[in-house]
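Q: The residues making up each chain are set out below.
Number of protein chains: 2
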Amino acid sequence: MNIIKNESLEVIKARIRQQTEKTVDPQVEARVADIIKNVRTNGDAALKEYGEKFDGVSLDKLKVTDEQIEEAFNQVDPDVIKALEKAARNIRSFHKLEVGESFEDSPSDGVIRGTKVTPLSAVGIYVPGGTAAYPSSVLMNAIPAKIAGVENIIMVTPPQKDGLNQAVLAAAKIAGVDRIYQVGGAQAIAALAYGTESIPQVDKITGPGNAYVATAKRDVYGQVDIDMIAGPSEIGILADDSARAKDVAADLLSQAEHDVNARAILITNSETLAYEVSEEVEEQLKILPREAIARKAIENNGFIYLVDTVDLMIDLMNAVAPEHLEIQLENAYNYIAKIKNAGSVFLGKYASEPLGDYLAGPNHILPTGGTARFSSPLGVWDFQKRIQYLQYSDKALAADALDVTVLAREEGLEAHARAIESREK
Amino acid sequence: MNIIKNESLEVIKARIRQQTEKTVDPQVEARVADIIKNVRTNGDAALKEYGEKFDGVSLDKLKVTDEQIEEAFNQVDPDVIKALEKAARNIRSFHKLEVGESFEDSPSDGVIRGTKVTPLSAVGIYVPGGTAAYPSSVLMNAIPAKIAGVENIIMVTPPQKDGLNQAVLAAAKIAGVDRIYQVGGAQAIAALAYGTESIPQVDKITGPGNAYVATAKRDVYGQVDIDMIAGPSEIGILADDSARAKDVAADLLSQAEHDVNARAILITNSETLAYEVSEEVEEQLKILPREAIARKAIENNGFIYLVDTVDLMIDLMNAVAPEHLEIQLENAYNYIAKIKNAGSVFLGKYASEPLGDYLAGPNHILPTGGTARFSSPLGVWDFQKRIQYLQYSDKALAADALDVTVLAREEGLEAHARAIESREK
Chain A
21 MNIIKNESLE VIKARIRQQT EKTVDPQVEA RVADIIKNVR TNGDAALKEY
71 GEKFDGVSLD KLKVTDEQIE EAFNQVDPDV IKALEKAARN IRSFHKLEVG
121 ESFEDSPSDG VIRGTKVTPL SAVGIYVPGG TAAYPSSVLM NAIPAKIAGV
171 ENIIMVTPPQ KDGLNQAVLA AAKIAGVDRI YQVGGAQAIA ALAYGTESIP
221 QVDKITGPGN AYVATAKRDV YGQVDIDMIA GPSEIGILAD DSARAKDVAA
271 DLLSQAEHDV NARAILITNS ETLAYEVSEE VEEQLKILPR EAIARKAIEN
321 NGFIYLVDTV DLMIDLMNAV APEHLEIQLE NAYNYIAKIK NAGSVFLGKY
371 ASEPLGDYLA GPNHILPTGG TARFSSPLGV WDFQKRIQYL QYSDKALAAD
421 ALDVTVLARE EGLEAHARAI ESREK
Chain B
21 MNIIKNESLE VIKARIRQQT EKTVDPQVEA RVADIIKNVR TNGDAALKEY
71 GEKFDGVSLD KLKVTDEQIE EAFNQVDPDV IKALEKAARN IRSFHKLEVG
121 ESFEDSPSDG VIRGTKVTPL SAVGIYVPGG TAAYPSSVLM NAIPAKIAGV
171 ENIIMVTPPQ KDGLNQAVLA AAKIAGVDRI YQVGGAQAIA ALAYGTESIP
221 QVDKITGPGN AYVATAKRDV YGQVDIDMIA GPSEIGILAD DSARAKDVAA
271 DLLSQAEHDV NARAILITNS ETLAYEVSEE VEEQLKILPR EAIARKAIEN
321 NGFIYLVDTV DLMIDLMNAV APEHLEIQLE NAYNYIAKIK NAGSVFLGKY
371 ASEPLGDYLA GPNHILPTGG TARFSSPLGV WDFQKRIQYL QYSDKALAAD
421 ALDVTVLARE EGLEAHARAI ESREK
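Here the protein sequences line up with chains A and B, keeping their order.
Residues in the first sequence are numbered consecutively from 21, following the working numbering.
Residues in the second sequence are numbered consecutively from 21, following the working numbering.
Chain A on its own, in the form it takes in the complex (with noise of 0.2 Å):
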């Protein structure tokens, strides 16, 4: 890996701002918006039309069956079905605690103000097809949607050539996911985001998926909510002496392997673990299956960096707002006081990455790309609205009508101070 030492915060942080800012293909913009206009001029033909063209597969129904479902569930191994019911017990457990609440006061007489916390009454899901198929995933985002109340979960995949994923298929069933659609890519937002024949139009669409699904979703947003724009996956370490090198460096590699653009940092004040990491991270990457991808990362996107302080490894960390975060140093609970942008924080030894992934219950869909700075992990507020609501009484409208009429009048709207006025006469 990249050891880089002796440089200026200012310069690493311009690398790490550089690396994070945003881009986009004109070509997929242009191929994704036309895409988008036939999918709400031609409806379900549309979409069987681009599963025969891009996924190779002709359909009659675009809906996955209950008979479906019910079989793929029980052909998945029985460990694996185990384990996401495990999975989906944490997750349900560590997300009831997000749910909003609503709220009312009375600041005077005859006054009422409150807000009403409310479910989003449709969410469509996205689940990539091949091998991003992530059962994992489907939990992190039906779960949320369906302890915030949403009573339409739809998810959406691409048709495959060889069948759907059984294990995504069991993991929605778990999830309480009530309705599953063969169909992919930008077609797949378009359908959800406008509504076709068979599949209904929801209020927001979440998950990942390729730049065409980004892409889409982008060009959708306005007309429904999104969850983000997900890019590559990143891990930043902070450790020191205290830390083991081979936990570390297999860390690093498990954000590696996702993506020939993943990123894996570690900053680090101990110069014998920044060489340990680097020479772990070359023997372990010669034994992966994903050797190929994930070298690729490391060596695009794989760096140590080693400064002389744990305040200037906080500093630089809060700079590079990673989606994942691991604290390796002694006392790692200490730390979180400290961190300021990060998706989800690791503490110490043990917490390795992974949990987080599949089973402790803390949500895996995060901000990534430096968008931890002002984003929230996937939860149940991204399924929850809120409705404020006002009442007067007529004292207290007499109370207040004055000022109400004195600021309309400096904006130069009359009429809003006419509104007033109309109920003293």
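In short, the hints are calculated from the structure, not lab data.
Some clues are possibly wrong.
Sample of chain B residues facing chain A (criterion: CB under 7 Å; computed from the structure) [stated by the list, open to error]:
id, residue
1, Gly242
2, Lys266
3, Pro374
4, Leu379
5, Pro382
6, Glu430
These stretches of chain B come out as covered by chain A in the derived footprint (C-beta under 8 Å, 3 or more residues) [unchecked claim]:
id, region
7, 269-279
8, 287-301
9, 410-416
10, 431-444
Here a beta-carbon is modelled for each residue, glycine too, at the ideal position from N, C-alpha and C.
Based on the hints, put chain B in the right spot on chain A.
A: Quick look at chain B alone, frame taken from chain A:
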């Protein structure tokens, strides 16, 4: 106003959907892309160039000085200051109820899971110039950010030939805005998203603006967060025989005067009220200073729907998903439970919508164009994010290790499994 009766719900809903569909202007998009590129390349110089070209104002420094703000505060009518300060108190007391809380649990021995709620570090607020420079909106944007704990609240507003709006500067002082820059349009959005020599990069941009501002916000979304793409203002009123036609008409006009594209919709089961409101609107229009604007809005998007029952009225209004919703029915409070889609609800005869625009405390920056299906009013939640964390002991890891490795291998992610097993060796 157009009175529509005996029309099927499906036809009405289709019309509503059509009215609220997102549209984009490719010419505006291309010009905005150029502006953003220029600002990223040339920084402050580009901003000053656009200030001369678009606003006709030549500036040495973009930053508004403390002396300018103090002077503005002293020159504004004391009644306006008093009303702004009262509004600020109400906005503060309401939005304090919105502060998100961190949580933590320990589902089993050796496992700690939690979520830390933390403020964004820098936020940009856009305030339009000219007649759309609203001091009330400054309060509504900045106070929730302040309560969230944002340390850098940056305001941008276009330079004006005859000087900045004094009440806007006074409101910024009352709300606790940290810095103000004289820059508007797409160039202001670009400056906030990417930073220039004088304007710091922020994490989120909020506030309304024209088509250029809206397009630029959509463009930089992902690089920074944005609040929403605000559309024309809307009011929906549910009223029966108990409502007074002159109040209903005045409230419809209070939104219609904003913009020729504003929407004003009354849904009622009272034919008498429908005709009385229609006549009242015409009478009140004749003597309104902004008659031309309001008349166009009423002609374009003013509708009175006459339906048979209160349940149908509510069903239809949920399809409208209006920004502002007034319920002028007996026992209005009891209907909150049935409202699924609305930004802010006003209950009873006396809660005229302008109370919410100016004084009562709930936010007036609300989802428009049907986006109340999935969006919330601007609130403290917009300026806070969540960071998850997880700690495992060695024994807790041992108890979960097998399930994690089973799932990782099911997904073909061997390095994930090995990261867990690395700890066991």
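Q: Compare the structure with each hint and give your call.
A: Comparing the hints with the structure gives:
1. Gly242: Nearest chain A Cβ about 5 Å off; hint holds.
2. Lys266: OK, holds: Lys266/B within 7 Å of chain A, min 6 Å.
3. Pro374: 4 Å, holds
4. Leu379: 5 Å, holds
5. Pro382: 4 Å, holds
6. Glu430: The hint holds - Glu430/B has a Cβ within 7 Å of chain A, the shortest such distance being about 5 Å.
7. 269-279: holds (count 7)
8. 287-301: With 0 residues close enough to chain A, the hint is violated.
9. 410-416: Satisfied; 6 residues make the cut.
10. 431-444: n = 12 at 8 Å, threshold three: holds.
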